[in-house]
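Can you build the whole structure from these sequences, using the hints too?
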Amino acid sequence: MKVSVIGTGYVGLVTGTIFAELGHDALCIDSDGRKIDALEAGRIPIYEPGLDALIALNRKAGKLRFGRSIGEAMKHGQVVFICVGTPPLPSGAPDLSAIDAVSREIAKHLTEYRVIVEKSTVPVQTGEKVRVAIAKYAKAGAEFDVVSNPEFLREGSAVQDALNPDRVVVGAESDRARALMLELYEPFRNRTILTDIKSAELIKHASNSFLALKISFINAVANICELSGADVTQVARGMGLDSRIGAAFLNAGIGYGGSCFPKDVDAFVDISSRLGYDFHLLREVQRINQDQRDRFLKKIEAELWVVRGKKIGVWGLSFKPNTDDIRESPAIRICAALRDAGARVSAYDPKGAERAKEVLAGIEFADSAMAAVEGADCLAVCTEWDEFRKADMDKVKAAMAHPTVIDGRNIWDPAEMEKKGFTYRSVGRGAAGGPA
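Here the sequence shown is numbered in my numbering, starting from 277 and rising by one per residue.
Since the hints were derived computationally from the structure, they do not count as laboratory data.
Some clues are possibly wrong.
[Said to hold, decoys possible] Derived CB-CB ranges, DEER-like:
#1 Ala-612 <-> Ala-418: 48 to 56 Å
#2 Lys-336 <-> Ile-500: 49 to 57 Å
#3 Arg-467 <-> Ile-500: 34 to 42 Å
Ideal Cβ positions, reconstructed from N, Cα and C, are used throughout, including at glycine.
Quick look at the structure:
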């Protein structure tokens with residue numbers, strides 16, 4: 277099947293590539309000519325394990341191409357995916373101006389039946405507005421259907437997620453659109469859920485908000501563990517073995533970040549408010565998430581007494597390992613807070629440093645994990661990259677001015693770190709990690 281994808285950001289680029297890998301004829305377009313030039317030259321604008329190889333393979337096979345205009349996309353694809361950004365406004369509501377602009381441009385080039393799919397994360401009732409916008413600007417009698425097909429990609433494992441999805445959600449109102457979407461997703465037919473459009477739109481926000489809730493819940497439990505002397509890793513293990521709960525997203529730390537959870541929780545709170553419901557539960561999820569960063573900073577301050585003038589090595593800038601995405605990363609805000617408190621911050625990340633340089637001034641960017649801790653009074657661990665887990669901590673201790681580690685991701689065993697001579701504090705492991 278011929279498929280067009282409008283937008284070559286994270287979701288669009290992965291979506292188009294995976295459809296090509298599944299055997300479809302995929303065209304990805306973007307209004308940013310520089311981005312298309314880079315893609316055609318084989319330069320991938322994001323770091324996602326395995327994506328560059330799949331793009332190269334499918335371009336060589338002629339199944340994946342890039343273009344610059346919505347006219348091209350409408351001419352090519354029977355199914356046209358909208359994968360443009362919906363960044364948050366100051367209110368927390370998503371900015372839908374790009375969705376609106378694309379919808380109007382689609383209408384101008386609508387000459388034969390097309391299925392228009394909203395893949396971007398959007399509020400409930402957006403599909404209805406897209407349909408109205410296209411109908412208003414298209415020629416009389418133009419045939420089309422609007423479908424909601426939310427994405428559930430995890431950065432760092434997006435390729436595998438797309439090739440082995442837990443579920444494919446298709447919200448459609450016509451049999452014709454459903455039939456085309458089922459054909460498109462034929463390899464995953466037994467995992468495809470058919471719903472109405474509004475339910476599909478809500479599934480995305482409800483899913484991400486629930487996962488954010490799990491993270492904030494275990495972080496709240498971690499704070500109780502610190503105060504009582506319990507170990508949150510043992511508590512989480514005991515909880516996770518309950519099949520009704522599950523172990524995923526029960527890792528205590530410094531809170532969630534990235535391009536999805538913060539934005540989607542904010543948007544769901546805003547959507548609910550606009551519909552007349554105050555989602556108090558999600559407001560508390562937001563508060564706990566911010567509180568975790570503040571508590572982490574207080575742990576650093578408690579060990580250093582005076583932060584000003586001290587060198588603090590920071591390991592990790594991306595919001596999670598295996599990605600270069602720093603959007604809403606707790607690490608970025610922690611680095612900025614330490615800098616503002618007068619600390620000399622030396623940060624290292626295997627993939628996220630270049631993006632961090634665009635938003636973080638006044639700190640040092642080390643070219644290795646060891647360089648970041650050379651002469652440091654404290655090491656703050658903000659992202660659980662495997663490289664950090666495997667670090668030679670004896671060498672780290674020798675390089676530091678004082679062997680103090682504040683571990684925001686519970687990478688190491690507290691007892692082992694203390695045996696090595698570190699002052700070690702982690703999250704929710706009060707007995708060995710010290711009080712809150």
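Against the structure, the hints come out as follows:
no.	hint	verdict
1	Ala-612 <-> Ala-418: 48 to 56 Å	50 Å, holds
2	Lys-336 <-> Ile-500: 49 to 57 Å	55 Å, holds
3	Arg-467 <-> Ile-500: 34 to 42 Å	38 Å, holds
Every hint, counting from the list given before, is met by this structure.
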